[in-house]
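Visitor: Taken in sequence, the protein lines are chains U and L.
In short: position in the first sequence from 1, add 7, done, that's our numbering.
In short: position in the second sequence from 1, add 29, done, that's our numbering.
One or more of the hints may lead you astray.
Stated by the list, open to error - In silico DMTMM-like cross-links for lysine to aspartate or glutamate, where the CA-CA straight-line distance does not exceed 25 Å: (1) L/K206 to U/D139; (2) L/K125 to L/D180; (3) U/K115 to L/E320; (4) L/K114 to U/D149; (5) L/K309 to L/E272; (6) L/K206 to U/D187; (7) L/K206 to U/D137; (8) L/K314 to L/D429; (9) L/K114 to U/D187; (10) L/K244 to L/E202.
In short, the hints are calculated from the structure, not lab data.
All of these numbers come straight from a predicted model, not from anything done at the bench.
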Amino acid sequence: MRIALLSDIHSNLEALQACLRHSRKLGVDRYAVLGDLVGYGADPVAVVDRVSRLQQDGAIVLMGNHDEAIIADDKTLNPDAREVARWTRQQLDSAQLCFLAALPLTAKIGMLMMVHASAHQPGKFHYLMDSDAAVDCLAAIDPGIRLVAAGHVHEPRLWHHSGRHSEAASYRPISGAMIDLLPTRRWIATIGSVGQPRDGNPAASYAMVDLAQSRISFFRVPYDHAAAAEKIRRAGLPSWNAQRLAIGK
Amino acid sequence: MSSPTEQLKTGMIIDGFTVGECVASGGAGFLYDCTHPDHTVPLVMKVPRLGYNQPLAGLISFETECAIQPRLDTPHAPRVFGVGKLDQQPYLVMEKVVGQTVESLIARRGPLPLEDLIEIGAAVARALHALHRSQVIHLDVKPGNLMLQADGTVVLLDFGFAHHALCPDLFYEAQLKGVGTPAYISPEQILGARHDARSDQFALGVTLFEMATGKLPFGVMEAASEMQQRLWRSPIPPRSIREDLPAWFQEVVLRCLEVDPEKRFPSCSQVAWLFEQPHKIDLTKRGQKTEAAGFWAQAQRWWRMRNRSLKVKRTTESNPLDEAPVVLVALDPESDDEALLESLRTATRRAMMSSPESRLSCVSIIESSKAQETSEDNEADRQHHTLIALQHWASTLRLDERQLSLHVFEESDPAQRILSFADHNQVDLIILGASRAGRTIERVRSTMTRVVGRARCSVIVVRPHVD
């Protein structure tokens with residue numbers, strides 16, 4: 008089974024559509040959206056509707072910290088993000104808010120566990136930025152799980168841990184390369200962000216995992232970021248949210 | 030890991046493979062002959078020693094082999110026929126490569142005669158370049174891992190330390206430094222770099238040194254402090270051990286052994302090319318030296334290297350091979366189509382601009398049946414005239430003579446000749462002229478179409494502006 012993993016869409020409809028189109032072309036059996044549907048961008052209504060349609064068709068959809076912030080004001084978010092969260096709340100109707108409020112924090116399919124941030128205290132949204140965080144995440148998973156897929160850090164990376172070494176190591180994936188998930192290791196894929204990549208590459212980021220073959224591929228998909236940025240400016244949202252899309256920051 | 034691997038018994042059947050005699054065993058594991066009803070080629074099964082009492086590097090090495098080797102599709106690496114589940118019964122079944130290793134050749138014959146150094150040296154360099162072109166760096170090149178086959182092809186064995194540009198590098202990411210065989214590894218590997226294809230060239234230099242002299246340029250290094258010396262110590266010139274070695278050979282070996290990868294050849298294909306045309310070698314002080322650098326020179330190098338880190342490029346990612354490409358231009362220099370010759374010249378000049386180390390082969394093919402009909406000259410004369418014309422055409426490119434080679438062939442099948450020349454010389458780019466409306470001869474079109482269709486590298490088809 009081939010599962011397309013998408014995360015951190017952040018109300019960027021152009022980027023979401025580009026990734027869906029790309030994955031359909033490759034052939035995909037199921038979708039999983041790993042949270043942060045909203046925040047930063049100008050298209051929360053269209054994105055929530057599109058993702059809820061995916062869910063009706065069998066997609067897994069998880070909650071991210073920005074989705075949670077729509078439901079309850081999150082004082083830990085930066086001021087820009089809080090401003091957008093308030094704006095987003097006004098845009099969504101009650102059905103859309105209920106949809107976000109009902110999202111779960113984690114899900115599993117076979118050897119794959121999915122979470123927005125880290126399997127270690129999923130509701131606390133720890134950032135998987137270093138080996139310590141990766142080791143904490145792997146310490147929290149069930150023995151049958153070999154791959155954790157997460158978003159939140161907006162940078163595609165593949166962590167792996169052999170159990171023989173105290174540190175987890177990581178690899179920066181190359182778009183399109185197929186990577187064997189060797190069974191001697193446990194793996195964490197931070198799949199990057201669909202709607203707001205921050206690794207200097209403006210192309211949308213997502214991943215595709217093949218559970219039968221035990222393989223993962225990461226992809227970078229160019230999309231019309233100028234159009235997405237223009238919508239952010241027109242909505243009167245913080246201008247940095249628009250500028251950063253062109254430079255991937 | 031469920032259980033450490035124990036030695037297998039003869040006659041056992043694992044995933045359809047019948048285990049035969051144990052043909053080798055060592056620190057890393059066991060090697061068995063094996064058979065499978067679906068495969069007629071001779072097979073071997075490699076079974077690692079794994080388990081918690083074994084060193085971590087052994088596990089990573091086997092994981093690396095299992096990840097990289099099945100991806101290789103080249104005559105220079107053993108084909109893989111089966112990979113056991115790493116968490117159950119780990120094994121790797123591959124084709125049993127028949128031949129003799131360079132190690133056993135040296136052991137049997139001692140220092141090799143120059144003809145063998147040239148032939149084997151070029152074959153090894155070509156094999157490494159082919160590997161590098163498929164985005165793999167071997168990182169454990171040494172005589173024991175180089176298998177010479179009867180037809181002269183070299184097959185690289187043991188990909189346990191290899192790097193693939195598209196795979197996670199388990200050694201690099203585990204921050205293990207100096208992975209490889211101490212006597213052969215490059216200075217940058219000692220510092221932990223694993224992304225530079227020129228590291229293999231350094232090990233090739235050590236291997237060539239050993240093939241020529243029977244000795245190792247840095248001795249058998251074991252202690253880490255001894256290995257550090259490689260960052261500044263220059264090797265003794267091979268000619269101080271063996272006087273009859275030509276200066277050009279020493280030039281090649283010592284350039285491969287440069288501490289700074291930037292000072293080595295841009296690619297192993299350059300090494301192969303020079304072995305075939307030693308007169309093109311630019312002789313420097315490296316080739317002339319007859320004794321090791323003196324104390325003060327060594328001390329200066331040590332001082333310079335002391336606080337300097339080596340610049341290491343991630344060459345497989347940026348594809349280094351494009352930086353100094355091998356270009357083939359096919360043309361008829363005696364054609365009256367001046368506009369086409371000029372277009373070919375412009376395209377060739379552009380392709381050669383990327384690096385002063387780019388190389389150009391100008392190839393002209395006289396179609397043999399046609400030549401015999403129309404020309405009164407004999408074959409040698411015809412070829413000579415064409416060569417003069419080719420030389421004239423190439424002279425306007427103003428290339429260094431060392432970058433350039435000219436070839437005239439008389440052939441019945443021009444396309445096939447261009448393609449086989451390109452394959453043998455590991456050409457990166459073929460430039461040829463398009464057939465033109467009005468002057469089209471069916472033969473020209475079919476040569477162009479066949480080269481474009483069958484080439485294993487990029488092809489530029491040049492056409493002058495048609496008004």
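Visitor: Next step is simple, just say for each hint if it's right about the structure.
Guide: A quick look at each hint next to the structure:
1. This hinted pair checks out: L/K206 and U/D139 have alpha carbons roughly 21 Å apart, not beyond 25 Å.
2. Restraint check for L/K125 and L/D180: satisfied, since their Cα atoms lie roughly 16 Å apart, inside the 25 Å limit.
3. Pair hint U/K115 plus L/E320 does not hold up; C-alpha atoms about 67 Å apart against a cutoff of 25 Å.
4. Proposed proximity of L/K114 and U/D149 is supported: the alpha carbons are some 21 Å apart, at most 25 Å.
5. Proposed proximity of L/K309 and L/E272 is supported: the alpha carbons are some 21 Å apart, at most 25 Å.
6. Restraint check: the Cα-Cα separation between L/K206 and U/D187 comes to about 24 Å, which is no more than 25 Å; the hinted pair holds.
7. Restraint check: the Cα-Cα separation between L/K206 and U/D137 comes to about 20 Å, which is no more than 25 Å; the hinted pair holds.
8. Among the hinted pairs, L/K314 with L/D429 is consistent with the structure: their alpha-carbon atoms are about 20 Å apart, no more than 25 Å.
9. As the CA atoms of L/K114 and U/D187 are separated by approximately 12 Å, the hinted pair is consistent with the 25 Å bound.
10. For the suggested pair L/K244 and L/E202, the alpha carbons sit about 34 Å apart, so the restraint of at most 25 Å is broken.
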